[in-house]
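Residue numbers (the numbering used here), protein chains in the order written: chain A, 2 to 334; chain B, 2 to 334; chain C, 2 to 334; chain D, 2 to 334.
For the record, the hints were derived by calculation from the structure and aren't laboratory data.
Mixed in with the good hints there might be a few duds.
Copies of the same chain look alike in the list, so a pair counts if it works inside one copy or between any two.
As the list claims (entries may be wrong) - Listed below are the simulated DSS-like cross-link pairs for lysine-lysine, each with C-alpha atoms no more than 30 Å apart in a straight line: (1) Lys113 with Lys45; (2) Lys113 with Lys308; (3) Lys113 with Lys301; (4) Lys3 with Lys44; (5) Lys44 with Lys279; (6) Lys3 with Lys45; (7) Lys131 with Lys279; (8) Lys258 with Lys224; (9) Lys224 with Lys279; (10) Lys308 with Lys78; (11) Lys301 with Lys81; (12) Lys3 with Lys113; (13) Lys234 with Lys279; (14) Lys131 with Lys234; (15) Lys40 with Lys60; (16) Lys279 with Lys258.
Number of protein chains: 4
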Amino acid sequence: MKVGVIGLGYWGPNLLRNFLSTDGVDRVSAADLNAQRLKVAAKKLPAANYTSHYAELLKSPEIDAVAIATPVSTHFKLAKEALENGKHVLLEKPMTASVAEAEDLISLADRKQLTLMVDHTFIYTGAVRKIQDLISSGELGDVHYFDSVRVNLGLFQHDVNVIWDLATHDLAIMDYLVAARPVSVAAFGVAHYNHVEDVAYVIVNFNNGTIAHFHVNWIAPVKIRQILIGGSKKMVVYDDLEPSEKVKIYDKGVNIKSKEGIYEALIQYRTGDMYSPKLDGTEALSQLTSHFVECIRDSKTPITDGKSGLNVVRILEAAQQSITHNGELITID
Amino acid sequence: MKVGVIGLGYWGPNLLRNFLSTDGVDRVSAADLNAQRLKVAAKKLPAANYTSHYAELLKSPEIDAVAIATPVSTHFKLAKEALENGKHVLLEKPMTASVAEAEDLISLADRKQLTLMVDHTFIYTGAVRKIQDLISSGELGDVHYFDSVRVNLGLFQHDVNVIWDLATHDLAIMDYLVAARPVSVAAFGVAHYNHVEDVAYVIVNFNNGTIAHFHVNWIAPVKIRQILIGGSKKMVVYDDLEPSEKVKIYDKGVNIKSKEGIYEALIQYRTGDMYSPKLDGTEALSQLTSHFVECIRDSKTPITDGKSGLNVVRILEAAQQSITHNGELITID
Amino acid sequence: MKVGVIGLGYWGPNLLRNFLSTDGVDRVSAADLNAQRLKVAAKKLPAANYTSHYAELLKSPEIDAVAIATPVSTHFKLAKEALENGKHVLLEKPMTASVAEAEDLISLADRKQLTLMVDHTFIYTGAVRKIQDLISSGELGDVHYFDSVRVNLGLFQHDVNVIWDLATHDLAIMDYLVAARPVSVAAFGVAHYNHVEDVAYVIVNFNNGTIAHFHVNWIAPVKIRQILIGGSKKMVVYDDLEPSEKVKIYDKGVNIKSKEGIYEALIQYRTGDMYSPKLDGTEALSQLTSHFVECIRDSKTPITDGKSGLNVVRILEAAQQSITHNGELITID
Amino acid sequence: MKVGVIGLGYWGPNLLRNFLSTDGVDRVSAADLNAQRLKVAAKKLPAANYTSHYAELLKSPEIDAVAIATPVSTHFKLAKEALENGKHVLLEKPMTASVAEAEDLISLADRKQLTLMVDHTFIYTGAVRKIQDLISSGELGDVHYFDSVRVNLGLFQHDVNVIWDLATHDLAIMDYLVAARPVSVAAFGVAHYNHVEDVAYVIVNFNNGTIAHFHVNWIAPVKIRQILIGGSKKMVVYDDLEPSEKVKIYDKGVNIKSKEGIYEALIQYRTGDMYSPKLDGTEALSQLTSHFVECIRDSKTPITDGKSGLNVVRILEAAQQSITHNGELITID
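Only chain A is shown next, with the shape it has when bound in the complex (with noise of 0.2 Å):
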C-alpha cells in the first residue's frame, strides 16, 4: 500500500513518521505548499517523498490512500478529491468544518466502498481504550456524568476557536465512551485578544439524563487535562499529565433506599478501594496507522469511522451556534 500524506504543520509530521514504519506500507509520500516545512521533514524522516504540489498525490494512481493534516477549511474539498479519485482517506480532526461537508463525505466513501476514517487520536490510546472497557464491560455502570477540562497557556489558532481546537479531542472521546445520544448542546465563551473565543464552556445532554460539560481554555495559567467520569457503581479520574497513572477507578458512589411512606430517600455513601490499572503503552498514532492500514485491506468499519468525525463536528457546530445566540441550548437532530 502506498500511502500520501498532505500538510507538514504540527501535525503531519507525525502522521508521517508513523506511516513510515506501518507494516504494509510500502512507500509514502508527502505534500506541503511551504518549501521550508519540506526541507524540515526531508531532513529528519529522508526516507519519503516529497512534493510541494499536493494534487500529484490525490491524483497519482501509485497513491492507495491519502491523509490530510491542512486547516480544517480545506479538509472538504481535499477529501472529496481523494475520494472521487478512488483514494482512501484519513482526515485529521475535525473531520470538517460543518455537518454538511461530513455527512457528504460519508455518502461519497459510502457510494465508492472506501475506508474514511477521522484522526481521533487520543481514542487509540492505553488510557481510552481500558476506560471504555471498563464501560462496556458494565463495571462503571450507568453514566451519570462526564467532565472535562483541557486547558493551558496557548497556542492560539487564527481561524478556530478553542471549542474548535481543544474540545475536539474530548468530544471525540465523550463520542466514543458514552453510548447515549445526545439531544441538545449550549456553549459560552469570550474573545479576550482576538476574534475568537479563547475561552469556553460546552454542555452536552444526552438522551438518557447523561450530562457532558467540556471547559477549554487557551490563557490558563496552569496545564490540565482531566476527565471525570461518574458511573452508578464506580467512577474515574483520567489526568492525562500523570506519568504513570493516568487513570484510576474509584469503588466509591451512592446507595438509595426508598423508604417505603416516607418522603425522603436515604442517602448513603460507598467508598472502597481505588485502582490504577496497567494501561498498554504503545503510542496511539502507531495504533491508528496501523488500523487504517487494516481497515483498508480488510474492508472494515473504523473504529474513528466518518460517523464518529460527524457526531463531533454536528456537536461542535451547534455550539458555535450557541455561542453565538449566547447560550442558547441547540437541539440536535
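Assemble chains B, C and D onto chain A, guided by the hints.
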C-alpha cells in the same frame, strides 16, 4: 455585648465556639429545638447558656445580636423577627431563599439602623484576602475569567440542590473579588438520586465581558477545591486543599501586537516567575465574629453585608430559574 | 476501670480525651505540675478530675492504670513507681531514655503481672495495619528495604535530638512491619542551631539482608511523611499526608532468570496495576486506649508491649552512640 | 572543528545529535563496534559519518576533539590515547573508574594543553544554574545540608552499582553547588538481585559541617528526583519531575536568640513567601556541547573540567570502599 446563636446543626457550633472567644462578647446563648444537639454542645462548650426555645433569644432584652444558622428556608422569618426586636443579625449563607426576602431584610435593617451581616466565611480567609489585595492593587490587571470547581462525594442536602449548597461559597468569593456587574446567568444540572440536582454548572456573564463559571458536584470521586483567575497581567490558582501553598500567582500572559494593515494580530506568550505568598493563618470564622462585633460597636458596614448576601442570592435565584427553563439565559437587573 | 493521665503537655490531652470516651473506663484523672495547663484542660475536658500532684495518681488505690506523657527522661522513674504501686502503665514514646531502663520496666511489669504498653500510635492507624496485613499475608513477598522520610520545619526539642523526636515513629512502624532481626545501626547528624542534631540519617541492617533507612529533619522547607517498602513481589508507598489514598500498592518487581553457563543473570522488570485500599479511618489513639483497657481486662499482651518499646529504644540508643562516634556501625545483640 | 563521538549506546546518540547542531562544528564522525547501533544511528542522523573502527577517530588528523560515551571501564584507555594524539576530550560521566585514572588524565591534558571536560549534564540545566546563582549571590545563606533522592524501577547496570550509575548525577550537582570541601564519606547498600548494589545510601561530610546525603535505588515503585537544600537564609526544593516548576525557593528558616545567662537558646521559625523562578529551557546537552567547543576555541577552563570529574570519582571510590567495609567512614584527602 451579648450574642445568641440559633441553630446548632453543622455550622452553628462553630459560630458558638468563636463567639465564646471573641473580644467584646460577654455572654453567649444558644438555642436549638433538638435536645440531643443541645446536650452535645453543652458538653463541648460548657461556657454558653442553652435553651430549646429560640424565641427567647429573639425577644430577650438581654441579647444584643443573634447569629442564625438554621435551614435557609427559615432565615427570613427569624432574621425579620430579630431585627424587629432591635437585634443585630448575622445570617448563615445563603442569606435567604429569595431575592425578595433579602431585599426586605436589608431595608428593615436600614430603617432600624441595625447591623445585618452574612456569614460568607471564605471572605475572611487569608487566601481570599490576599487575592483581593492582588486584584485591587492592579497586580493581576483586568479579570478575564473566574473559574471555580468544588466537587466531592457527599453530603447531599434534602432541601436545596448542589448549587445552593456548594456554589454559594464560590459566588460569595466571586462577588468579593470581581468588581464588574453580573448581567446574566445560565445553569445546567442533573438530579441522579433525588429530586434535587447533584451535579451542576453555572455561567455568570458580566457587563465588561468577564465570564465566571462554577462546577459543583456531590457525586465526584475526588475532592477538588480549585479556582482559576485569569488576569490581563497575571493569573492566580487558588487550591484550598493545598496545606501550605493555597495561592499561586503566575506571571504569565499574552502580549498582542496589532500589525497595521495586516488582518491578524500577532500574539505572544509571556511566562515569568510563579510565587506563593505567605497567608494569614488565623481562623476565618474568628475574623468574622470579631468583625461582626466591631461593625456593631463602631456602626461600620460589614465587608459581607446584606448587599453581598443579596448579590449571591440573586445569582442563585437566577441559576434556579435557568435550570427550570433548560439553561435559558436569565438576565439580572 | 479508673485511669490517671500524667503530663498535659502536647500529647497528654489527646490521651485524656480518648480515655474519657473509652468503653470500660469509669473515671479519668489527670495531673500536671503546670497550673495553666490544668486550667486549659479543665476548660476543654470538664469531665475529668485534675490535680497538680501527680504522686496522688501513682499512689491512689482508686487508680487502676496510668498513662505517662511526660518528658522521656522522667518515664522510667514514674513508670517504676506506678508499677510498684500495682498500676498498669501506658508509656508515651519513646518508652525510656535507655535500654537498661526499658529492660527494668519490662521485668518489673512481668513480676507484678501488670500490663506495660507503649504508645506507638501509628501502629493503630488503618494505614499501618493494612500494610501489616499485606506483609503477613505474603502479598509483598520478602521485604527488601524500608525507607522512611519524616521532615518539616520545627518543632525543635531541647532535650532530645531529631532522631529521638521523629525517627521514633518510623522505628516503631519498622519494628511492627519488618519481621527480621536488626543487627547493626549507623547514624549521621548535624546540629546547626543548638546542641542537638536537627538533621539526621539512620541506617539499620537486618540479619536477613533487609536494609532500613530513616531521614529525619527539623529544618526542611516542606513537610514529607513518606515510607517506601520494597518487597520481592510488590512494593508499597505510604504517604501519610495524602488525605485519602495514604497507601498505594504497586504490582511491580524484578524477575531474574539465571542463564546457565552464562555469567550474567537476565533481569526483567514487571509492572502491573496499582491499587490503594480503603483504610479504617478510626482515630488511632482511640483504638490504642481501647486496646490498653482490653489487654488489662483480659490479661492479653499488647500489640505495642514493653518489648516493642525496648526494640525502638535499643535502636535509638545505638543511633546515638553511632553519631557520637562519627557514624561507626554499632552492633545490636 | 571536527568532532568524533565514540560509543553509540544509550547516551552517545544524544551527544552526536547535539554536536551536529553546535555552532563551530563542521563535521561529526561516530564510532561503535556494534553494526546494528551504527545502522540505527545512521538512519536517524544521516548527517554524520560512521565507522566501526573507533581507533580511526582517535588517530585521524582530521579529528580535533572526541567525545567518549563508552562503558566507564574503558574511559581511561580511550581518553589517554585521544589526549596523546593531541585531541581534546569530552568524557561521559563518571569520568573514570578510579581516582588514579582521573588524576593521570588531568595531568596529561595539562601537559598537552588540551581541553578535558566531563559530561556532567545536569550542571548545564536551567534549574541547577539558577540554584547556583541563588547560592553564589548569598540568597540562600550558608548551605546546611544537601539531600538528594534519585529512585525508580530499573535500569540495572551489570558493570557498576546503583551509586556509580545514579548518584554520579547528584554528586556532580553537589560538587557544583556546595563550595565547602568534602572530608569523609560513608555508604551503605544491598544487592538483592545481582552482584552489584541496587539500593544504596551515601553520606558526605564537609569541612564546614555541611552534610550531604544521597538515596539511590533501582527497585523503587515510584520515580523520585528530588533535592532539598537547606540554607541558613532560604531553602530550596528541586524536583526534576515537575514539568514547569522544578525549583522552589522557600523563605523559611530559624532565628536563634541567645538568651544571656540562660542555658537554652530561644528558637523561632520564620516563614515567608515561596517562589519558583522561570528557568532557561534550553536543552542542557546543547549548552554543554557549545561550551565544550567554546572552551577549546578560547582555551578556557570548562565549568565541568577534569577537576570536577575527579571530585565526583573520588567520592564514588570512597563510597565503594565504605560499602566494602560495612559503612566505615572513609576520609578524603
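Evaluated hints:
1. For a Cα distance limit of 30 Å, the shortest separation of lysine 113 from lysine 45 qualifies neither inside one copy, at 36 Å, nor across copies, at 39 Å.
2. For the identical chains of this complex, lysine 113 and lysine 308 are intra-copy neighbours only, at 16 Å inside a copy versus 67 Å across copies, given an alpha-carbon limit of 30 Å.
3. When the C-alpha separation of lysine 113 and lysine 301 is checked against a cutoff of 30 Å, the pair qualifies only within one copy, where the shortest distance is 14 Å, while the shortest distance between copies is 69 Å.
4. For a Cα distance limit of 30 Å, the shortest separation of lysine 3 from lysine 44 qualifies both inside one copy, at 21 Å, and across copies, at 21 Å.
5. Taking the shortest Cα distances, lysine 44 and lysine 279 never come within 30 Å of each other, neither inside one copy (36 Å) nor across copies (33 Å).
6. Taking identical chains as interchangeable, the C-alpha atoms of lysine 3 and lysine 45 lie at most 30 Å apart whether they share a chain (20 Å) or sit on different chains (22 Å).
7. In the homo-oligomer, the alpha carbons of lysine 131 and lysine 279 lie at most 30 Å apart both inside one protomer (9 Å) and across protomers (23 Å), since each shortest distance falls under that limit.
8. For the identical chains of this complex, lysine 258 and lysine 224 are inter-copy neighbours only, at 25 Å across copies versus 41 Å inside a copy, given an alpha-carbon limit of 30 Å.
9. With identical chains, the CA atoms of lysine 224 and lysine 279 are at most 30 Å apart both within one copy (24 Å) and between copies (16 Å).
10. With identical chains, the CA atoms of lysine 308 and lysine 78 are at most 30 Å apart within one copy only, with a shortest distance of 18 Å there and 58 Å across copies.
11. Proximity of lysine 301 to lysine 81 under the C-alpha cut-off of 30 Å is restricted to the intra-copy arrangement: shortest distance 20 Å within a copy versus 62 Å between copies.
12. Within a single copy, lysine 3 and lysine 113 get their C-alpha atoms as close as 19 Å, which meets the 30 Å cut-off; across copies the closest is 57 Å, which misses it.
13. Taking identical chains as interchangeable, the C-alpha atoms of lysine 234 and lysine 279 lie at most 30 Å apart whether they share a chain (21 Å) or sit on different chains (16 Å).
14. In this assembly of identical chains, lysine 131 and lysine 234 lie within 30 Å of each other by CA distance both inside one copy and across copies; the values are 16 Å within and 24 Å between.
15. For a Cα distance limit of 30 Å, the shortest separation of lysine 40 from lysine 60 inside one copy, 23 Å, qualifies, whereas the shortest one across copies, 35 Å, does not.
16. For the homomeric pair lysine 279 and lysine 258, the shortest alpha-carbon distance between copies (23 Å) is at most 30 Å, but the shortest distance inside one copy (35 Å) is not.
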